[in-house]
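Chains as they are written, first to last, in UniProt numbering: chain A, 1 to 289; chain B, 1 to 289; chain C, 1 to 289; chain D, 1 to 289.
Hints were generated in silico from the structure; no laboratory data involved. Any given hint could be a false lead.
In this list, chains with the same sequence are indistinguishable; a pair is considered to hold if it fits within one copy or across any two.
Stated by the list, open to error - Derived SDA-like pairs (lysine to any residue); straight-line CA-CA distance at most 20 Å:
#1 Lys-150 to Met-82
#2 Lys-153 to Leu-189
#3 Lys-150 to His-129
#4 Lys-150 to Arg-268
4 protein chains.
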Amino acid sequence: MSAAPTHAVPTHLVLSLSCPDRPGIVSAVAGLLAELGGNITESQQFGDPSTGLFFMRVQVEVTAAPEALEAALRPLAESFSMRYHLDVVGRPLRTLVLVSTAAHCLNDLAFRQRSERLPIDVVGVVSNHTVLAPMAEFYGYDFQHIPVTKATKADAEAQLLALVRERDVELVVLARYMQILSDDLCRELAGNVINIHHSFLPSFKGARPYAQAHDRGVKLIGATAHYVTADLDEGPIIEQDVERVDHGDDVAEMVALGEDVERRVLARAVRWHAEHRVLLDGTRTVVFR
Amino acid sequence: MSAAPTHAVPTHLVLSLSCPDRPGIVSAVAGLLAELGGNITESQQFGDPSTGLFFMRVQVEVTAAPEALEAALRPLAESFSMRYHLDVVGRPLRTLVLVSTAAHCLNDLAFRQRSERLPIDVVGVVSNHTVLAPMAEFYGYDFQHIPVTKATKADAEAQLLALVRERDVELVVLARYMQILSDDLCRELAGNVINIHHSFLPSFKGARPYAQAHDRGVKLIGATAHYVTADLDEGPIIEQDVERVDHGDDVAEMVALGEDVERRVLARAVRWHAEHRVLLDGTRTVVFR
Amino acid sequence: MSAAPTHAVPTHLVLSLSCPDRPGIVSAVAGLLAELGGNITESQQFGDPSTGLFFMRVQVEVTAAPEALEAALRPLAESFSMRYHLDVVGRPLRTLVLVSTAAHCLNDLAFRQRSERLPIDVVGVVSNHTVLAPMAEFYGYDFQHIPVTKATKADAEAQLLALVRERDVELVVLARYMQILSDDLCRELAGNVINIHHSFLPSFKGARPYAQAHDRGVKLIGATAHYVTADLDEGPIIEQDVERVDHGDDVAEMVALGEDVERRVLARAVRWHAEHRVLLDGTRTVVFR
Amino acid sequence: MSAAPTHAVPTHLVLSLSCPDRPGIVSAVAGLLAELGGNITESQQFGDPSTGLFFMRVQVEVTAAPEALEAALRPLAESFSMRYHLDVVGRPLRTLVLVSTAAHCLNDLAFRQRSERLPIDVVGVVSNHTVLAPMAEFYGYDFQHIPVTKATKADAEAQLLALVRERDVELVVLARYMQILSDDLCRELAGNVINIHHSFLPSFKGARPYAQAHDRGVKLIGATAHYVTADLDEGPIIEQDVERVDHGDDVAEMVALGEDVERRVLARAVRWHAEHRVLLDGTRTVVFR
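Next comes chain A alone, as it looks inside the complex (with noise of 0.2 Å):
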């Protein structure tokens, strides 16, 4: 899952990288892009003193092959202990969605996709029921039915992973997929898997969101977007928004406007991730929007 860019000169580059925090980082890469001509459009830095690390993601346009700058970065990225992404702005992230039965985040993700407000590149659905397949097809999607049971999970996710490997996937979206990545699945992947949970976490975690919320009595519910680890429901969180309910709206009425904020909220999260503006901090992310 990594991508150095390999195709035709581009002109437009995104570079995001996090290291521990001191003195000269910005110098130093600002002077390197500099001295290979490139024109800084776009640029966020953060340090954060709770974790010590430094956080910074840039646009710039240079004339230079990306493959200068990404050899040109290699000695500094060691100098500094840096994890850092280099990448063509705006090209498509290969992505995966995972789908069960619920239509709305598939419908959105790929309606963003086809009219261009989504860098994403969808190179297969899958789900464990066939009842999306005809919306996956109407986009020109592949789809694959890998039927999931207790029996089959981990031959199930044996084929998940090949699929992962044969099609290059860069990204895998859970889009309400109502089953739960294996321990072994969520680390091999880790980093690159997004998943919409259907309230606002970590309240109502589990089973029945919605039904909890109206239980409780809350006046807005919520969605949360997150990566996936193998501790469920814990991962770091990406983006999350609410919706305004009342009284008057039973659990069937949360549902329905849940799912306007489900899908606001992962199309939001897939697209920064997809535009490389998510980094992680810890347990938590650094959203540069």
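Starting from the structure of chain A, add chains B, C and D where the hints point.
Relative to the frame of chain A, chains B, C and D by itself:
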């Protein structure tokens, strides 16, 4: 804690009621009001299938004395097993505000009260500290210092309750009062005490909610106004709202941002309660906004 | 464009009405419903002092035939000079959707309709272009291409009106239809055509609102759903909402962000209209949400 | 109106700058800061293609004296044709607040200032009325009554300007000051006067915006904080926000709801300005939040 209107002939009354749901309630109430020459200016009804209860709030202009309306209502209420409250629209509720050292909620309530945006009459400000005495005095409120230690807690609550009785208090507002009321006091004042909790309940119950929120990396922080019950942080929710935070906001900044949500949420809850818009529906509330 | 319910015995009806305000309206309506054994499940009233009009919406469960209710209502409506509408709760409104080339509103309405989140029955999609034909077909809607040029405009409108009549259309939705309806057509369909305007009216009327918004440097962009009248962009507003933008958002990004607000605002307006929650109050609307 | 830091050795500085965009700016600035041993803790950049300008804000911890930084910056600024401002992070801006009779904005600013949520030093409150003198005094601010009539307007403005100079005022806040500043005064104080307008500009310019909003039947009301220019209600917008209203809200209720938005929007604009987060970009603003 009740308030049959005893003043001069009013023109505008508000009736709020709840009872087991069955056909004919609206007709009976509207018929009674029509017989007395009343003109309904605003009205809302709601039947909750999950509790089987019916709720109604109606504002009516009458030329008859409120006592006549009261007398006509009584048998009707009995026949429908209604809980009801009849009051003059806009009559300020006799309110006691409890604070500790945080000023933002008191300042907000006081400013709104003085600007005639909040139909309450602040008959006293009680604090376990003295730091807010000047602010209370600036707004012309009587300030009472009732210190609370483990040893004096029972005695302090007795003083508080005596004050509630002496001053005919109808509403107690915990405006960031950092003491937990005893179960007995909660029961005694049930339905008439509003607390502001500095988190989006049920997330981050208990102490230091903003520190908990920062640790978890949430993207929105919130506040919750609820009726106080013996079950800490579990009382019926009246209002909630949220504010966006990002990776750059540390705990101190979350606390600062949170103050805005807290005061806004508390002010709304107090206003709706004082306008008789909030009705209890089991462990939830119906809010006729 | 009316709809006396003619189907089998319903259990749940919705009555919406407006009339000059005077005492006794609620009592008369509620009394009539009670006499017929109706149980009111939801109801809202509002008297507007600025226009002297009274508005009411009531949902009622009845065992009587709707025709009996209709018959009982007629003399009452006459005596109070009421405009009223009686319908079966949830009956889908026969709806014609007009589009040009932008897909986001059509996709959103269609997806909600198919997910049973929107009580409309799309009896046709009309466009002056052909690009959205596949999407209409995917959702199983009849697609009609009616091109419009200066020369053919009158003819095109005649075709449109014929379609409205043939298919017994109750609601026309202009889902980013980039043609201005003639005054005659506006009058003919008055109160039954909803348009989505891509600005927070009355700001940025007319063409290219996002470019205007960018020029002015506003910090929020918005959308407005309104009834269409002969007075362009001046019809009664049903719903509005906004989205935050910042200095980094150019016109193209505003257009992209705006699509989200547009479709959300239009979907709400169509839903409220189809649920008979929107009543005309002069040049404004009463919306019983 | 400038503020070269003259205090003891600071640790945390903020530099904000704008200049014609070209390659090498970030590198030059970051390099200079690195040479002086500075550690960048927060930074944002933005290049506006529509004006060809580049904007940067950087917070940096330095051990060198600010004067050394200032000296090093000067030639760099010249070579890039930069406008820049260097200041100590958190240094309170010397601020003059102008009011008439409405208290909500003054109360809000004062409370935030006293709670250390707003880095301003209120060096005076000026009013053409006397009603807010007690509030100003409660917060320990000097209150000046400068009445304004048609005849005395020029004289009143002269007094105001004298005050600005005597007290070394850096920022003037029109906190619902109901007088229009003369073109000369606007020019004199350009970029240093923030006004709160009680509508969502450009809608409802001029007088009685809430009455205009009610007439038009909008579903959201708003407020706009902007820099004052000679062109009334047309200055660069710093911040805007909205509040939902419905058919039940008459003009008086809109005014009351509007007060909440006004004070919130004004407080944000003043804070961002005082934190040197707002930069002028032609008739728009760049706000590095």
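Here is how each hint holds up against the structure:
For the identical chains of this complex, Lys-150 and Met-82 are neighbours neither inside a copy (41 Å) nor across copies (53 Å), given an alpha-carbon limit of 20 Å. In this homomeric assembly, Lys-153 and Leu-189 come within 20 Å of each other (Cα to Cα) only inside a single copy, at 17 Å, whereas the closest approach across copies is 55 Å. Taking the closest pair of Cα atoms, Lys-150 and His-129 come within 20 Å of each other only inside a single copy of the chain (15 Å); across copies the shortest separation is 50 Å, beyond that limit. Taking CA atoms no more than 20 Å apart as the test, Lys-150 paired with Arg-268 passes in neither setting, with 33 Å inside one copy and 41 Å between copies.
Going down the numbered hints, you'll see the structure goes against 1, 4, while the others check out.
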